[in-house]
Amino acid sequence: MSHLFTQPLKVINCGLESFARNLAQAGGEVETLSWQPPAMGDIQAGLDLAYLMQHPLVEQANKNAFQRYLDAQPTLVDVMPAAEAIPEMATRKLILHAGPPIAWNRMCGPVQGAIVGAILFEGWAASHEEAERLIMDGVIDMEPCHHYHAVGPMAGIISPSTPLFVVENRASGRRAYTNMNEGLGKVLRFGANSEEVIERLRWMRNELAPTLRVALRFSGDVELKPLMAQALHMGDEIHNRNAAATGLLMKRLVPALLGSGQPLDELRRVIAFILGNDHFFLNLSMAACKVMMDAAAHEPFSSLVTVMARNGVEFGVRLSGTGNRWFTAKANPVEGLFFPGYGVDDAAADLGDSAITETAGVGGFAMASSPAIVKFVGGTPDDAIANSRRMQFITLGGNGAFTLPSMNFAPTAAGIDARKVIDRNILPVINTGIAHRQAGIGQIGAGITTAPMPCFVEAIRALAEEVRRHTGETS
Amino acid sequence: MNSSFKIFKNLYRDSVSLMQISARICKLDGIDRAAVLMGTETNREQLADAGFGSDIDAGPNDLIVAVRGNDDICARALEEATEQLSAPVDSSADGVVRKQVLTSLQMATEQSSEANMALISVPGDYAAAEAMKALRLGMHVMLFSDNVSLAQERSIKMLARDNDLIVMGPDCGTAIVNGLPLGFANVVRRGAVGLVAASGTGLQEVTCRIHQLGEGVSQALGTGGHDLHEEIGGISMLYGLDALIADKDTRVIVLVSKPPAPSVAKQILARARAAGKPVVIHFLGAQPADIEGRGVVAAPTLADAGNIAVALLRGDAVPASEAVLAVAEQDMLDVHCAKLPARRRFVRGVFAGGTFCYESQLLCQKQGFRGSSNTPVKGNELLTDVWTSIGHAFVDLGDDVFTRGRPHPMIDPTLRNERIVTELQQPETAVVLFDVVLGYGAADAPATELATLLRETLSPDDSTGSPLLIAHVCGTDADPQDREAQISALRDAGVLIAGCNAQAASWAAYVASLQMNK
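Chains A and B supply the protein sequences, listed in that same order. The numbering of the first sequence is my numbering, which starts it at 1 and goes up by one. The numbering of the second sequence is my numbering, which starts it at 1001 and goes up by one.
Honestly, the hints are just simulated from the structure, not real lab data. Incorrect hints may have been included.
As the list claims (entries may be wrong) - These stretches of chain A come out as covered by chain B in the derived footprint (C-beta under 8 Å, 3 or more residues): (1) 213 to 220; (2) 223 to 236.
Said to hold, decoys possible - Once the Cα atoms are required to be at most 27 Å apart in a straight line, the calculated DSS-like pairs of lysine-lysine come out as: (3) B:K1009 / A:K10; (4) A:K375 / B:K1099; (5) A:K375 / B:K1339; (6) A:K186 / A:K93.
Note that beta-carbon positions come from the ideal geometry of N, C-alpha and C, so glycine has one too.
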């Protein structure tokens, strides 16, 4: 205390503004906060947050988790059917979907449509009616992709014969999986399940996947982090814009495809398919992010957010320090622009596992690198930079592997600290596509949204309980 | 319902810009549907499907605006689109870095790592959490907020002690650290007297007195009113006392509080006796014999604490108490009381400062006048209806019952002034006793409005025997309000101005005794 008497007094004023005026008038140095009750005014959660702030257990845990995230080296190593990659999928009729767990009757249109499509694709049923009957009879198991180290954009559907990209973290040997991007228009991930859609899936299984598998043997493993970093310097934020990353991937794959000795017409179809879809890389970006976040998962007491995902009804969050628990809330609305002829009434709630990219510090967090798409947020490149900068206030640090040229090559803000989200009342920003709420119509717009606050409030309450249980304290 | 479209030949805009324009015209009242797009084959098919007809003569390089809705609105929508398309590009994207609004203590410390004090005045429900955060971030805390439970106060203060930090509060209204005012504080010069007080107005009274006597204050720390309860154990007062003992700029220490819990008093006295510098203690209502000891002097009143501290500092003899009236004061009061009819018997105290209310009750009680109050001292009654005074009454207008949903009377004296007028109009009132508190945070000119009100209420002819008005102005000549100006305004309105609260209360008690004997 007597220390204080010999230092210049520097005050942070939290509350009545007039006190700051008095102090300033008397020559004092003071900064007034733009304060509002944290945790949406939940008093107990606010106390839990105060309890966890600077808590040595949490600080150390976050350091460990964040380091493992930074150390991760996502590498594309293989392509294989889901049933081979995820053994559980070989033993029962299991379909994986995006977001936190949800029962069939609560699912949104696109996810239901996609699940029916997956049943048809697997040949478990010959008609929509038959497929729905199987679901009603409880024959089909439906679980989140995230429960199996997998991710998928939009509906995120993975069924046993879905071909998956296998992305391995070279630092740990742990793997993550993702399906392959079908392109735009009538596609399964938006809930379309017509014959045309199923036929494309069959082709992807029968020709695209095996061809890529062989090509990968020729190219060798593809390290994804440098590729993503380069794409960030080429105008992608590798969530809503993947044009550069897709091109960079093809730079690696085309020579391998051509050298793999596979029939030329097959190669032509495969290359045309990939080059026809600027979002082809998105799924790989997601799997890379997933394997990085999995590296940070399950560190006891860590407040690092390891998953943000949406099922079209709810938004779900997981923390490293609270294991496999989901903290869910109604998804926030998307602020965006709609394709001609569509409006906000047509939109499904926010959907897909692709928010794993923001969780890992790219996507909306790296918006500053992608001026081409900033208009979707109704703004200017300045707004994009402001978004990326704002995320620095809720993250544990920066990821030096991903830098943003327009911010003087600052590392992307990475490692969302749930404590900071609540304390500062700054929500993680997410770039997102907007799906039509009816199955099969597809994408009708794009924009920006945020992760809902209640998820983080619940998560912090649960984490405080964990820490207290460990230290034997009571609240 | 009408459909219409407009074609802009050889005008290219990217699809996102087009969507922005269409979003804008869709918002117009009466527009059912709008599409702004390039005339590619697919887009034209889409327009046909949407019922805009298949006769749109546009190519891939032409821009189409198509709208459907009420007739007049369609025309307006097309106009709006034309305007949007011809508007110059906003080039405000100049790369200026926008400052992020600071929303939390931690965020602020990241910006300014030398921050060492958090001044917290958020609603009580959230105050404990903010205080804990500040402590965990290594800052000292002044907690102005009230309604923090004793259990929370205890855990906050334990955390502070463990981290070698102080928590001033909860419910701490004033402090002066390194010469800077925190909360409500008076402008006093810096000097060699250091204070720790569990009472806000008590601290103001003593610091002002020290300034008035020509000396100054090194540090004035608050603890909040509950610090010396058994549950809290005087954590903040002990911490502050130690800090002042260690502070080489502090040569005399003053401690002010209501009487502490016995176990707490024992600790404080032990620490004070070992201070190595003189410690003046004023525990309101305590027996001096319980306090006096080696190096420790008991002050009978708040102002006396200031007087004694200055005397010790200067090596002067301890002066007589402000509660003892000089002959001249008695003569003056005798004159003023001459015209008071015998039915005017009671003292009516109307206070903004809680401790002034408390001290006045104690001093009147000492002269044999028990009374009632919304915040009664031991031996006084609780006022059953706080809005109506009976007998000798002392009302603290800064108490929760009066401040719920209203600013404190120091900030907005309206309610307090009304109460003064009410008491003046009672036939049994002999004297209206009140305080005026100046300093940072207090009303700009508290005496002026009151003086006007008093002139309106009091009869210009003094012979009618209106009650006496006795007040003291807690402040300094350096305060933003200017103490002398406030005093003259009150004097002009017929108020007798005492030098301190103790003197004012003693005057009131003297008047009561004169009236009793009529």
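These are the hints, each one checked on the structure:
{"no.": "1", "hint": "213 to 220", "result": "violated (count 0)"}
{"no.": "2", "hint": "223 to 236", "result": "violated (count 0)"}
{"no.": "3", "hint": "B:K1009 / A:K10", "result": "violated (63 Å)"}
{"no.": "4", "hint": "A:K375 / B:K1099", "result": "holds (22 Å)"}
{"no.": "5", "hint": "A:K375 / B:K1339", "result": "violated (83 Å)"}
{"no.": "6", "hint": "A:K186 / A:K93", "result": "holds (25 Å)"}
Against the hints set out earlier in the document, violations occur for numbers 1, 2, 3 and 5.
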